[in-house]
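Chemist: What follows is each chain in one-letter form.
Protein chains: 2
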Amino acid sequence: MVICNPPNSPDEGMTMTAGRLEPLVPPENFAVVEGGIYRSALPIPANFGFLETLGLRSVVYLCHEPYPSSNCEFLASRGIRLFQFGIQGGKEPSAIMREHAITRGLKVLLDVRNHPVLVHCKRGKHRTGCLVGCFRKLQSWCISSVFEEYQMYAAAKVRPSDLMFINGFDVSVMGLYILAIMYRFHCCNSHSRRLKF
Amino acid sequence: MVICNPPNSPDEGMTMTAGRLEPLVPPENFAVVEGGIYRSALPIPANFGFLETLGLRSVVYLCHEPYPSSNCEFLASRGIRLFQFGIQGGKEPSAIMREHAITRGLKVLLDVRNHPVLVHCKRGKHRTGCLVGCFRKLQSWCISSVFEEYQMYAAAKVRPSDLMFINGFDVSVMGLYILAIMYRFHCCNSHSRRLKF
Chain A
2 MVICNPPNSP DEGMTMTAGR LEPLVPPENF AVVEGGIYRS ALPIPANFGF LETLGLRSVV
62 YLCHEPYPSS NCEFLASRGI RLFQFGIQGG KEPSAIMREH AITRGLKVLL DVRNHPVLVH
122 CKRGKHRTGC LVGCFRKLQS WCISSVFEEY QMYAAAKVRP SDLMFINGFD VSVMGLYILA
182 IMYRFHCCNS HSRRLKF
Chain F
2 MVICNPPNSP DEGMTMTAGR LEPLVPPENF AVVEGGIYRS ALPIPANFGF LETLGLRSVV
62 YLCHEPYPSS NCEFLASRGI RLFQFGIQGG KEPSAIMREH AITRGLKVLL DVRNHPVLVH
122 CKRGKHRTGC LVGCFRKLQS WCISSVFEEY QMYAAAKVRP SDLMFINGFD VSVMGLYILA
182 IMYRFHCCNS HSRRLKF
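Chains as they are written, first to last, in my numbering: chain A, 2 to 198; chain F, 2 to 198.
With the rest of the complex left out, here is chain A:
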């Protein structure tokens, strides 16, 4: 079984029910964005066994609604930090609020001290798709590939306003933040290769 950190015992990360190993159930729309960055829909309790195998250090939650109490309990019991940057769920969320939330979400993703990190909204389609889309722009992906990935998760629910937002998002606003991280990790003759730029 491939997970982020080797388990201490062969069975760690599996759900044990009545002495039997149960298969792991990833959240809906789950995928790996990069090593240490995951995306999905809102996890339900049936997914907690799977999430344990990821060894998460943090979660970025992009909805306005309070985080479900069962999810709060799961995170608290595993020492996982929750970052909530709420974006309205409709087709036309406030532009300023969305840009603010996406920028803050990107900062969390870029800082490997938060990894492994799971990004999710409710269905893992639109708000999560916007954040991942902007992240891909930071990675210099061409815009058609960014849109193709967005569409793969949004399926029949593609929102033109999301595509316009991703296309118009100015990644240069992240420049100073990236420089600050690079300085923090690389200025003092540190040869650690923790920062994945």
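Rather than coming from a laboratory, the hints here were simulated on the basis of the structure. Here the structure is a predicted model, which means the values were calculated and not measured. Any given hint might turn out to be false.
[What the hints assert, rightly or not] Lysine-lysine pairs mimicking DSBU-like chemistry, simulated, CA-CA at most 35 Å apart: (1) A:K158 / F:K92; (2) F:K138 / F:K108; (3) A:K92 / A:K108; (4) A:K108 / F:K138; (5) F:K92 / A:K92; (6) A:K123 / F:K123; (7) A:K158 / F:K158; (8) A:K108 / A:K123; (9) A:K92 / F:K158; (10) A:K123 / F:K138; (11) F:K158 / F:K108; (12) F:K138 / F:K158; (13) F:K138 / F:K92; (14) A:K92 / F:K108; (15) F:K138 / A:K158.
Dock chain F against chain A, hints included.
Modeler: Using the frame of chain A, we list chain F on its own:
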């Protein structure tokens, strides 16, 4: 830009054309399977700039056809090792040949000395989908989530024979191989966490 290894200069990994930085073009159907494992359709020369940013150590190619000469040249120039385990491209490939190829492909994926590794066939749908599906079974994913991921990449081209193959694939045949790798890396009080089990 997030890549596997930090570049030596800020522009490394970007395609420079006439003094201008060009956006990176991932291959069709590109995705991250796990940290260090990627999947896609057959890369074309326009994708080579992107592939460079992944710092690939190996490629698993699942077609019978000879590897295109431009791709061979790219791999050779970057010291990337090619593993070719050919499976026929039709709807009903030979069962024995497919099982043999998938088993050999899994062995390459499981050995982190081959990472970062890119798995691809022609379109990144069926043969690649089978290999990734069996890899997910090794990760103890429930079969419905394995199928959901397969369908995301196969889109309208889902092949029932592929789903039956994945469902029937006996991951226990990998048991001895996994034990051999674990023994090799962990037997001598080595505390390296290279092996991601």
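Chemist: Hint by hint, say whether it matches the structure.
Modeler: Going down the list of hints, with the structure as the test:
A C-alpha spacing of about 30 Å is found between K158 (chain A) and K92 (chain F), which places the hinted pair at or below 35 Å, so the restraint holds. Between K138 (chain F) and K108 (chain F), the direct Cα distance comes to roughly 14 Å. Compliance with the 35 Å bound is thereby established for this hinted pair. Between K92 (chain A) and K108 (chain A) the alpha-carbon distance is near 24 Å, which keeps this suggested pair within the 35 Å criterion. For the suggested pair K108 (chain A) and K138 (chain F), the alpha carbons sit about 34 Å apart, so the restraint of at most 35 Å is met.
Between K92 (chain F) and K92 (chain A), the direct Cα distance comes to roughly 40 Å. Violation of the 35 Å bound is thereby established for this hinted pair. Of the supplied pair hints, the one linking K123 (chain A) and K123 (chain F) holds, its CA atoms being roughly 34 Å apart against a limit of 35 Å. With a CA separation close to 20 Å, the supplied pair K158 (chain A) and K158 (chain F) stays within the 35 Å bound. Taking the CA atoms of K108 (chain A) and K123 (chain A), the gap is about 21 Å. The hint holds against a cut of 35 Å.
With a CA separation close to 30 Å, the supplied pair K92 (chain A) and K158 (chain F) stays within the 35 Å bound. Restraint check for K123 (chain A) and K138 (chain F): the C-alpha separation of about 26 Å stays at or below 35 Å, so the hint holds. For the hint linking K158 (chain F) to K108 (chain F), the alpha-carbon distance of about 27 Å falls within 35 Å, and the restraint holds. A hinted pair counts as satisfied when its Cα atoms are at most 35 Å apart, and K138 (chain F) with K158 (chain F) qualifies at roughly 22 Å.
A distance of roughly 22 Å separates the Cα atoms of K138 (chain F) and K92 (chain F); the hinted pair therefore holds under the 35 Å criterion. The straight-line distance between the Cα atoms of K92 (chain A) and K108 (chain F) is roughly 45 Å, outside the 35 Å bound, and the hint therefore fails. A hinted pair counts as satisfied when its Cα atoms are at most 35 Å apart, and K138 (chain F) with K158 (chain A) qualifies at roughly 29 Å.
Comparing the model with each earlier hint shows violations of hints 5, 14; every other hint is respected.
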